[in-house]
Amino acid sequence: EAGVAQSPRYKIIEKRQSVAFWCNPISGHATLYWYQQILGQGPKLLIQFQNNGVVDDSQLPKDRFSAERLKGVDSTLKIQPAKLEDSAVYLCASTLGVFTEKLFFGSGTQLSVL
Amino acid sequence: KQEVTQIPAALSVPEGENLVLNCSFTDSAIYNLQWFRQDPGKGLTSLLLIQSSQREQTSGRLNASLDKSSGRSTLYIAASQPGDSATYLCAPLGGSGGGADGLTFGKGTHLIIQP
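Here the protein sequences line up with chains A and B, keeping their order.
Going by the numbering used here, the letters in the first sequence line up with residues 1 to 114, in that order.
Going by the numbering used here, the letters in the second sequence line up with residues 1 to 115, in that order.
Hint data in this document are derived by calculation from the structure and do not stem from the laboratory.
For glycine and all other residues, C-beta sits at the position ideal for the given N, C-alpha and C.
Don't take every hint at face value.
Distance condition first, Cα-Cα at most 20 Å in a straight line; then the derived SDA-like pairs of lysine to any residue [said to hold, decoys possible]:
| hint | chain 1 | residue 1 | chain 2 | residue 2 |
| --- | --- | --- | --- | --- |
| 1 | A | Lys44 | A | Gly28 |
| 2 | A | Lys102 | B | Ser59 |
| 3 | B | Lys42 | A | Lys62 |
| 4 | A | Lys102 | A | Asp86 |
Label-pair restraints from in silico Cβ distances [stated by the list, open to error]:
| hint | chain 1 | residue 1 | chain 2 | residue 2 | range |
| --- | --- | --- | --- | --- | --- |
| 5 | A | Leu114 | B | Ser28 | 20 to 28 Å |
| 6 | A | Gly53 | B | Pro115 | 47 to 55 Å |
| 7 | B | Pro115 | A | Gly40 | 32 to 40 Å |
| 8 | B | Pro14 | A | Ser18 | 47 to 55 Å |
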């Protein structure tokens with residue numbers, strides 16, 4: 001079974017530039033999450049999709065972050081413009097259901113904003 | 001808002017020892033709780049998932065318990081090995097806001113098993 005795929009693996013940008021991350025969840029997984037993990041911290045939920053609808057985006061900084069999940073499969077997360085404090089690992093995860101299933105994580109995209 | 005605390009923050013022990021990692025959470029209205037392992041530069045791997053109606057789950061040398069009413073979970077690692085070295089995170093799902101709360105992670109326990 002293929003895992004959750006994410007790209008790019010690393011990204012270095014300057015502040016005020018824009019960046020996009022891509023995620024392909026495990027086939028058939030209806031629920032997709034984007035998490036932000038700052039060094040030394042646990043992951044923080046940014047947005048949760050159920051199929052192509054947003055379930056929770058309460059912690060997404062909507063003035064600069066946006067995310068979409070077209071056709072309920074792949075998802076992209078965008079930051080525009082980036083700030084220094086956005087330096088983190090961005091993790092995508094998927095699960096078959098919501099309340100009873102394990103989460104499967106991708107390897108993440110490590111973003112450095114200079 | 002759910003808050004998760006993990007103790008200890010770091011632990012270094014010689015191989016062969018039995019270990020207990022602790023997790024506490026403030027909102028007991030959870031659906032389940034997962035324990036994850038994270039290796040440096042990698043994503044998270046789910047080790048065990050305990051439903052709110054369960055008391056414990058076992059997988060190989062790992063055993064996780066859940067006391068939902070007191071807001072506590074423990075991960076027991078038997079006969080530790082150097083390959084167990086990683087950061088272990090616990091994450092309850094949900095809270096009083098329901099499943100839309102998502103997973104809330106602790107900061108993790110950084111574990112080093114000395115050969």
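Evaluated hints:
1. Lys44(A) with Gly28(A): It is violated: about 24 Å lies between the C-alpha atoms, which goes past 20 Å.
2. Lys102(A) with Ser59(B): holds, 14 Å
3. Lys42(B) with Lys62(A): violated, 27 Å
4. Lys102(A) with Asp86(A): violated, 27 Å
5. Leu114(A) with Ser28(B): 20 to 28 Å: violated, 43 Å
6. Gly53(A) with Pro115(B): 47 to 55 Å: holds, 49 Å
7. Pro115(B) with Gly40(A): 32 to 40 Å: violated, 26 Å
8. Pro14(B) with Ser18(A): 47 to 55 Å: With Cβ atoms ~49 Å apart, the hint holds.
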